[in-house]
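J.: Take a look at the letters that make up each chain.
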Amino acid sequence: MTKFIDLTLSGVSTGAIYAAVALALVLIWRATRIVNFAQGAMLMFTTFIASAVITSTGSYWFGFAVALLSGLVLGAIVERVLIRPVENAPALNAVILTLGLYILLVAVAGMIWGNQTRSFPSAFSLRGFEVGGTRLLFTPNDVFIVAVVIAVAAGLALLFRTTTLGLRMRAAAFAPEVARLLGVRVGRMFTVGWALAAMTGSLAGVLVAPSVFLGPNNFDPILITGFVAAVLGGLDSPPGAVVGGLLLGVALSYVAGYEGSALVPLAALVILVVVLMIRPTGLFSATKERRV
Amino acid sequence: MIAELTVEENLRLGGLWRGRGAAPLSEIYELFPRLEERRGQPASTLSGGERQMLSIGRALVGRPRALLLDEPSLGLAPRLVAQLMSLIRKLADTLGLAVLLVEQNARSALSVANRGVVLNLGRVVADEAPERLAGDESLRHAYLGF
Numbered sequence: 003m004t005k006f007i008d009l010t011l012s013g014v015s016t017g018a019i020y021a022a023v024a025l026a027l028v029l030i031w032r033a034t035r036i037v038n039f040a041q042g043a044m045l046m047f048t049t050f051i052a053s054a055v056i057t058s059t060g061s062y063w064f065g066f067a068v069a070l071l072s073g074l075v076l077g078a079i080v081e082r083v084l085i086r087p088v089e090n091a092p093a094l095n096a097v098i099l100t101l102g103l104y105i106l107l108v109a110v111a112g113m114i115w116g117n118q119t120r121s122f123p124s125a126f127s128l129r130g131f132e133v134g135g136t137r138l139l140f141t142p143n144d145v146f147i148v149a150v151v152i153a154v155a156a157g158l159a160l161l162f163r164t165t166t167l168g169l170r171m172r173a174a175a176f177a178p179e180v181a182r183l184l185g186v187r188v189g190r191m192f193t194v195g196w197a198l199a200a201m202t203g204s205l206a207g208v209l210v211a212p213s214v215f216l217g218p219n220n221f222d223p224i225l226i227t228g229f230v231a232a233v234l235g236g237l238d239s240p241p242g243a244v245v246g247g248l249l250l251g252v253a254l255s256y257v258a259g260y261e262g263s264a265l266v267p268l269a270a271l272v273i274l275v276v277v278l279m280i281r282p283t284g285l286f287s288a289t290k291e292r293r294v
Numbered sequence: 002m003i004a005e006l007t008v009e010e011n012l013r014l015g016g017l018w019r020g021r022g023a024a025p026l027s028e029i030y031e032l033f034p035r036l037e038e039r040r041g042q043p044a045s046t047l048s049g050g051e052r053q054m055l056s057i058g059r060a061l062v063g064r065p066r067a068l069l070l071d072e073p074s075l076g077l078a079p080r081l082v083a084q085l086m087s088l089i090r091k092l093a094d095t096l097g098l099a100v101l102l103v104e105q106n107a108r109s110a111l112s113v114a115n116r117g118v119v120l121n122l123g124r125v126v127a128d129e130a131p132e133r134l135a136g137d138e139s140l141r142h143a144y145l146g147f
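Those protein sequence lines, which keep their order, are chains A and B.
First residue of the first sequence? That's 3 in this note's numbering, and the numbers climb one at a time after it.
First residue of the second sequence? That's 2 in this note's numbering, and the numbers climb one at a time after it.
Check before you lean on any hint, since a few could be wrong.
[Stated by the list, open to error] On the chain B side, residues computed to face chain A include the following (Cβ under 8 Å):
id : residue
1  : Glu5
2  : Glu10
3  : Leu14
4  : Gly15
5  : Phe33
6  : Val118
7  : Val119
8  : Leu122
9  : Arg133
If you are wondering where the hints come from, they were derived from the structure by calculation, not from laboratory data.
It should be emphasised that the depicted structure is a prediction, and the values quoted were computed from it without experimental measurement.
The beta-carbon is built from N, C-alpha and C at its ideal position, and this holds for glycine as well.
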């Protein structure tokens, strides 16, 4: 029973990180219909920046804030400089661009910070809670991870649902031509969307770095599981991305705990294939009716 | 209208460019009570007639001086077409709007217009008061379909 509780709670914590990556992918997909294959590299790069700041200032929270801010800036720059010129080109152009950006960021990170893996501090203690004389694997840092991801997801939901900026962003994402005719600066809304998505990805980076360690290629698996979570929840659904991430985290935790961690990548791909076969639009996608 | 947004969100969108000069939504709901009933529903769930009301309502939020309508009766049942044309006339009269109505349903359009212009292949073939257009049998048969 303790093992089941341990696996469930740690699955929720890992799932929260998958949810953050999935949310970043979904935000960009909804806005610009692009799968950002550079998402993992972008969050890696901003986590390296955070590490440098933490090392030089001694302040974790300052580094945390810098990671989020640099994610905002990086996302805005990528959209404006790389993605905007190809927004009317075939979709393959943007895919190739994001793959090229991935290669570029990994190479530059290696040149600046080296290719050796290094540790990254956690926000809170990694010592598990003690309940009734039993020490769980669930830690204060895990509580922080879940809380901050839910807070960010809730904050984004409030932004989109209750603010004029959010209304403009959704209009630009759903119907850019109509939105333009109504005076919405669609290009600017896409830039804001990419910035927020990259910030969410950067959050995932600093949260996962203590466990996967920091290296130019260490975050690739996170992108894959984040993508699976996004497909599971529905690429068009931000709430689906969060729920998909949490469900995937728990499922993979059970696989790791009961069958072995070597099976986790396979399990993630099996889940992806099953979802694509049974409900390809994801668990939370809205059914689109067709007029006949 | 944007199908994924609610009725109210679509209306709000129409007034963003106007800022503080936009009409309050209560005015639009007064003109279109059906929209108020459905304010929280996605626009995709509206009927054809309600969607046209929403499109016109969204345009009115911006307090325009002129309304350009491109075949608003397309796809609507005849009863709804009559209601829509009557509504357009009422808007023009009560709000002092200039309305440019492009319609293939000439009979309905002429019933509410102050002036009618008939175009054929981009050229003006008639520019008259609607009674005279409707009264010209050869013109009606050749261009207006009734």
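J.: If a hint holds in the structure, say so; if it does not, say that too.
T.: These are the hints, each one checked on the structure:
1. Glu5: 4 Å, holds
2. Glu10: For glutamate 10(B), the interface hint holds, since the closest Cβ of chain A sits about 6 Å away, which is under 8 Å.
3. Leu14: Given a least distance of 5 Å, the restraint on leucine 14(B) holds.
4. Gly15: Glycine 15(B) check passes; min Cβ-Cβ to chain A is 6 Å, inside 8 Å.
5. Phe33: Violated - the Cβ of phenylalanine 33(B) stays beyond 8 Å from chain A, reaching only about 18 Å at its closest.
6. Val118: 24 Å, violated
7. Val119: 28 Å, violated
8. Leu122: Check failed: Cβ of leucine 122(B) comes no nearer than 27 Å to chain A, outside 8 Å.
9. Arg133: 35 Å, violated
Checked against the numbered hints given earlier, the structure breaks hints 5, 6, 7, 8 and 9 and satisfies all the rest.
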